[in-house]
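Colleague: Given next are the chains, with one letter for each unit.
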Amino acid sequence: MWALINKLRSPKWFYGISARLQPWFWTAALILIAIGTVWGLAFAPADYQQGNSFRIIYVHVPAAFLAQSIFVSMAISAVVFMVWKIKICDMAAAMMAPLGAAMTFIALFSGAVWGMPTWGTWWMWDARLTSMLILLFLYLGVIALRGAFTSRDSASRAASVLAMVGVINIPIIKYSVDWWYTLHQPATFTITGRAAMPLEMWLPLLIMVLGFYSFFIALTLTRTRSEILRREANKRWVRELAEEAP
Amino acid sequence: MFFDSFSELFAMGGHAPYVWAAWGVTAALLLGTVIHARAERRQLLRQLKRRVRRESRLAGRSVGTQPIQTSRGGGTNEA
Numbered sequence: 001m002w003a004l005i006n007k008l009r010s011p012k013w014f015y016g017i018s019a020r021l022q023p024w025f026w027t028a029a030l031i032l033i034a035i036g037t038v039w040g041l042a043f044a045p046a047d048y049q050q051g052n053s054f055r056i057i058y059v060h061v062p063a064a065f066l067a068q069s070i071f072v073s074m075a076i077s078a079v080v081f082m083v084w085k086i087k088i089c090d091m092a093a094a095m096m097a098p099l100g101a102a103m104t105f106i107a108l109f110s111g112a113v114w115g116m117p118t119w120g121t122w123w124m125w126d127a128r129l130t131s132m133l134i135l136l137f138l139y140l141g142v143i144a145l146r147g148a149f150t151s152r153d154s155a156s157r158a159a160s161v162l163a164m165v166g167v168i169n170i171p172i173i174k175y176s177v178d179w180w181y182t183l184h185q186p187a188t189f190t191i192t193g194r195a196a197m198p199l200e201m202w203l204p205l206l207i208m209v210l211g212f213y214s215f216f217i218a219l220t221l222t223r224t225r226s227e228i229l230r231r232e233a234n235k236r237w238v239r240e241l242a243e244e245a246p
Numbered sequence: 001m002f003f004d005s006f007s008e009l010f011a012m013g014g015h016a017p018y019v020w021a022a023w024g025v026t027a028a029l030l031l032g033t034v035i036h037a038r039a040e041r042r043q044l045l046r047q048l049k050r051r052v053r054r055e056s057r058l059a060g061r062s063v064g065t066q067p068i069q070t071s072r073g074g075g076t077n078e079a
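Quick note, the sequences are listed as chains F and L, same order. Position 137, counted from 1, in the first sequence is what our numbering calls 137; the numbers after and before it change by one each time, with no gaps. Position 27, counted from 1, in the second sequence is what our numbering calls 27; the numbers after and before it change by one each time, with no gaps.
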């Protein structure tokens, strides 16, 4: 743990290790999402109540999982950045926010077009939907804060504080379906128990969830490398790298 | 396959607009993200390269062709 934190102090070390890791995650993401898409759209059985609209689950649930996981990752990165002053964590957090916002948007949008044939409405101001909308605003707030300061240090600190405070919304989203009466059904998908769903529906969903997580890791590695080039442009090793680049 | 034909797959048992809208938006955002990340990296590398080249030229340790080097090198010496 401490060895890792000390290594993370060196953007150069991260740049090297991420170069070796990222092709694995990109390949995994591509394969898993491709299999999950074909399986979920064409081979999984239709739901006996919802028919084929149920296939929206294969983008809705992975996106909603990721939307929340990315915010937690961002908050953890913010803590590590604030406590140990590790710049690479702030760079990664900055790169996670737009993907998190995109995932929250996908979850809300796919939920709306799923809600229409299932509940008869696009939108309800109920606990789960509203707390997800707040998550989208939190992401947009983090992104806006980073752009609002001329000093990068102030921007990083402000965005980190918002991520650390905003993470309180995550347990609210998770337990909203238990605490309040809502249209949204309780969790049908868990990694540990899969009683709520038959195996031939659950397996493609598991593959899709894993694919989305691989996508998140791959994209964060790739974009953090770009952010290193942006922020460390004056370092000698970055300049040498630029000279060698084709 | 669960469906009997591809036209039935596209029809999604009458739920086509909902299913394909959700999947379409997801695919567009994921693809857009990847394209953006690639363009971002390529652009940063290009900028960095241009900057390094310009600064090394200003510092007078250019490795360009001889006539360019003398003219530019002379320019910086005079200034």
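Check before you lean on any hint, since a few could be wrong.
As the list claims (entries may be wrong) - Partial selection, computed: residues in chain F whose CB lies under 7 Å from chain L:
| hint | residue |
| --- | --- |
| 1 | V59 |
| 2 | S151 |
| 3 | P186 |
| 4 | A187 |
| 5 | R223 |
| 6 | N234 |
Claimed, not checked - Rough simulated footprint, nothing fancy, chain L against chain F, three-plus residues with beta-carbon under 8 Å:
| hint | stretch |
| --- | --- |
| 7 | 40–50 |
| 8 | 106–120 |
Stated by the list, open to error - Okay, the calculated beta carbon distance ranges per label pair:
| hint | chain 1 | residue 1 | chain 2 | residue 2 | range |
| --- | --- | --- | --- | --- | --- |
| 9 | F | A233 | L | M1 | 50 to 56 Å |
| 10 | F | A34 | L | R41 | 34 to 40 Å |
| 11 | F | N6 | L | P17 | 49 to 55 Å |
| 12 | F | Q49 | L | Q43 | 45 to 51 Å |
| 13 | F | A144 | L | G32 | 16 to 22 Å |
| 14 | L | S5 | F | N6 | 17 to 23 Å |
These are computed hints drawn from the structure, not numbers from a lab. We put the CB at the ideal spot given by N, CA and C, even for glycine.
Colleague: For every hint, state whether the structure bears it out.
Modeller: Okay, the hints, checked on the actual structure:
no.: 1; hint: V59; verdict: holds (4 Å)
no.: 2; hint: S151; verdict: violated (21 Å)
no.: 3; hint: P186; verdict: violated (21 Å)
no.: 4; hint: A187; verdict: violated (19 Å)
no.: 5; hint: R223; verdict: holds (5 Å)
no.: 6; hint: N234; verdict: violated (10 Å)
no.: 7; hint: 40–50; verdict: holds (count 6)
no.: 8; hint: 106–120; verdict: holds (count 7)
no.: 9; hint: F:A233 to L:M1: 50 to 56 Å; verdict: holds (52 Å)
no.: 10; hint: F:A34 to L:R41: 34 to 40 Å; verdict: violated (23 Å)
no.: 11; hint: F:N6 to L:P17: 49 to 55 Å; verdict: holds (54 Å)
no.: 12; hint: F:Q49 to L:Q43: 45 to 51 Å; verdict: holds (49 Å)
no.: 13; hint: F:A144 to L:G32: 16 to 22 Å; verdict: holds (20 Å)
no.: 14; hint: L:S5 to F:N6: 17 to 23 Å; verdict: violated (60 Å)
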